[in-house]
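J.: The lines below spell out each chain.
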Amino acid sequence: MLEIRFHGRGGQGAVTSAELLAQAAIEEGKYARAFPSFGPERRGAPVSAFCRIDDKPVTLRTSIDSPDVVVVLDPSLFSAVDVTRGLRKDGSLVINTKKEPGRFMFHGLKQLAAVNATQIAQEILNRPITNTVLLGALVRLLPVVKVESLISAVQNRFSGKIADLNVQALERAYEEAQIISAGDVDIEKQVPCFQEKEPPEKGKEDKPCKEDLDYLWTELTPGCVVQPGSTRDNLTGDWRSTLPVMQKERCIQCGLCWAFCPDAAQVQEPDGFFSVDLDYCKGCGICAKECPTGAIHMEKELEL
Amino acid sequence: MAKRIGMEVSIAAAEAVKQADVDVVAAYPITPQTHIVEKLSEFAADGQLDGEYVTVESEHSAMSVCIGSQASGARTFTSTSSQGLALMSELVPIVSALRLPLVMLLVNRSLSGPLSIWNDHSDVMSIRDSGCIQLFVKNGQEVYDHVFIGYRIAEKENVLLPVIINMDGFILSHTFEPVEIMTPDELKGYLPPYQPKYTLHPDHPLTMGAYATPALYTEAKKAHDEVLKASYPSILEAWNSWGKRTGRHYRPVEELFCQDADTIIVSMGSLSETAAEAVKLMRDQGEKVGLLELRLWRPFPFEEFSRAAAGAQRLIVMDRAVSSGGPGGPVASEIRSALYGINNPPRVDSYIIGLGGRNVTIQDFVEMVEKTEAESALSPVTGSTYEIFGAREHH
Ligand code: SF4
Ligand code: SF4
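The listed protein sequences correspond, in order, to chains A and B. Quick note: our numbering has the first sequence finishing at residue 304, numbered continuously throughout. Quick note: our numbering has the second sequence finishing at residue 395, numbered continuously throughout.
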């Protein structure tokens with residue numbers, strides 16, 4: 001059985017990627033299951049999706065905690081989410097990056113495919129929806145399914161022009177993907193992007209990761225009443241896919257950005273100017289919209 | 001054999017409702033049931049569903065419309081989850097008491113509070129005693145199949161009871177997986193046109209839902225209880241004839257390695273799939289472990305269950321709802337009474353797991369088996385009252 005985990009941001013189509021891949025596998029007579037990490041959906045927030053493919057019926061429904069392959073749809077996720085968590089030794093990685101791909105290699109990784117998916121998606125689809133693009137890179141790296149089956153899954157899923165454009169994007173990614181194998185780069189000589197992972201203990205491969213909220217049942221307030229200030233503990237910074245950038249020269253210190261920011265992420269510095277608290281700024285762009293002098297503009301979240 | 005098609009299980013469910021020639025759908029959208037009713041309203045809007053989709057303002061209204069439309073002789077479908085079921089629950093015992101053969105897909109989700117949109121069985125357990133036929137399915141194919149099977153059971157002249165099909169929210173409803181979709185030819189004849197016994201019609205006036213004084217209520221309840229129990233052979237018949245047609249056979253309890261098992265895990269719904277993997281793993285390691293999957297919940301298959309479980313020394317019962325202050329999880333309590341009085345009954349341990357969407361892994365099953373086996377070495381007869389498994393006790 002092959003286990004693939006997709007990481008994306010809400011709206012980029014991570015779930016669709018997993019489903020298209022499963023669809024292609026099922027078309028070929030294999031068995032597959034795809035499903036999202038279930039929860040409220042927020043555009044821009046990190047999401048994951050899972051796909052299992054096998055020659056015999058797939059019966060597991062648990063989330064994939066030790067994948068064979070990890071696919072990352074958005075470059076800003078490398079810093080926000082531990083994307084390679086639990087990746088099996090000799091696993092594979094498929095990433096969206098415009099950077100030199102060799103630097104993503106790490107000990108224990110067998111191979112990776114890198115493609116500038118955001119650019120391909122922008123040019124062909126006119127939107128940064130990178131799901132079909134990364135599938136092109138994935139099948140180039142690993143013949144999980146035939147390209148033709150993937151294309152027919154895409155044509156099945158979308159209609160008319162959108163289908164054609166997605167097929168184009170997929171094919172172009174297949175062509176342009178850069179493949180790097182373990183021996184190709186001298187890992188010692190570079191600053192690693194990812195830390196080498198401890199392989200999961202035998203028999204414990206499917207243990208869920210530690211949850212963010214780890215209260216004991218004895219520690220809960222009666223009725224689960226939440227004390228004020230709880231948003232302090234809830235770092236919303238990882239939802240961000242765009243970042244407010246300030247130009248001091250234009251700022252008149254009116255404080256409107258501070259007043260309008262729904263997350264209290266604008267902080268006044270001793271010199272009177274405002275700066276953004278990246279732990280909490282969720283990239284909504286309200287401050288940029290409200291600033292009367294145009295001192296704030298939104299930029300795409302940085303890669304690493 | 002029909003071709004396997006990849007689709008989201010909710011969509012497969014909607015497809016089945018469309019193919020089952022349903023006349024009326026009345027439902028109110030609620031997570032995680034949404035995709036089923038969205039798809040059905042789409043089918044109705046573009047003429048693919050040869051019936052009426054009634055939009056309503058609440059689940060209470062949804063069930064009211066269902067009762068009305070069933071009473072007028074229309075084959076009717078609804079679906080809900082959690083709080084939606086809670087809101088319609090005033091009418092659930094009524095639809096069964098009126099003997100209206102509605103089919104409902106209950107996409108199981110925990111009841112608030114705390115507010116949770118994720119999966120467990122607390123919703124269905126709240127209507128356990130509503131007098132409906134209730135069953136559990138574990139994968140997309142079973143969901144699809146049971147829509148047809150459900151109507152065949154429900155509409156039999158000697159049954160005429162609502163059938164509630166339980167499918168786990170998200171982990172089943174939102175999974176994309178292969179499902180064999182039947183052709184109209186393959187379905188032909190399985191579901192005869194619905195012949196209601198009584199219908200509300202202005203030309204033939206009659207009363208439904210009259211009240212019963214103390215002189216009658218007991219008899220009404222007795223009649224209802226008897227018909228629910230007597231539906232058992234009709235349920236088997238619907239499964240058998242589906243099995244002959246499709247090669248997919250269903251039983252009230254499904255057994256895996258139970259024959260020579262010392263320890264048997266009992267589970268319901270999609271958890272049974274993970275449990276089966278755990279059992280296979282433990283078998284490979286030489287442990288005599290089996291799995292008993294309870295498919296039929298009402299009427300409870302006492303005989304089949306006792307027969308399948310009798311040889312084991314230990315039963316480990318998975319519950320996905322808490323019966324606070326009671327004797328254990330609802331399923332475990334039922335099983336303890338099912339086994340009461342038999343010779344050398346197995347020890348029954350009650351574990352409450354997978355609440356509010358908590359992931360249940362293969363390793364969890366292994367741990368429960370190991371723990372039970374260790375404890376039962378000390379006390380072979382009585383099992384633990386119950387344990388809420390995995391609730392964090394220590395940092
Ligand atoms: S984008 Fe601006 S308004 Fe929005 S959270 Fe960040 S700092 Fe606050
Ligand atoms: S709203 Fe604009 S001008 Fe006013 S303080 Fe903020 S950055 Fe400066």
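Derived by calculation from the structure, the hints in this document are not laboratory data. Be a bit skeptical, because a hint or two may be false.
Unchecked claim - Chain B regions said to be covered by chain A (calculated; three or more residues, Cβ under 8 angstroms): (1) 60-69; (2) 176-183; (3) 385-393.
Claimed, not checked - Computed cross-link-like contacts, BS3-like style, restricted to lysine-lysine with a CA-CA straight-line distance of at most 30 angstroms: (4) B:3 with A:146; (5) A:56 with B:244; (6) A:89 with B:244.
Idealized CB from N, CA, C, for every residue including glycine.
J.: Please verify the coverage claim for the region 60-69 of chain B: does it have three or more residues whose C-beta sits within 8 angstroms of some C-beta in chain A?
T.: violated (count 0)
J.: Does residue 146 (chain A) lie within 30 angstroms of residue 3 (chain B) when you go C-alpha to C-alpha?
T.: Roughly 19 angstroms separates the two Cα atoms, so the pair holds.
J.: Examine the region 176-183 of chain B for residues whose CB is less than 8 angstroms from any CB of chain A, and state whether their number is three or more.
T.: holds (count 3)
J.: Can the region 385-393 of chain B be counted as covered by chain A under the rule of three residues or more with Cβ-Cβ separation shorter than 8 angstroms?
T.: Held - the region 385-393 of chain B has 3 residues with a Cβ nearer than 8 angstroms to chain A, which meets the minimum of three.
J.: Verify the proposed pairing of residue 56 (chain A) with residue 244 (chain B), using a straight-line Cα cut of 30 angstroms.
T.: holds, 23 angstroms
J.: Going straight from one Cα to the other, do residue 89 (chain A) and residue 244 (chain B) come out at no more than 30 angstroms?
T.: Answer violated: residue 89 (chain A) to residue 244 (chain B) is near 46 angstroms, above 30 angstroms.
Hints 1 and 6 from the list above are not met by this structure, while the remaining hints are.
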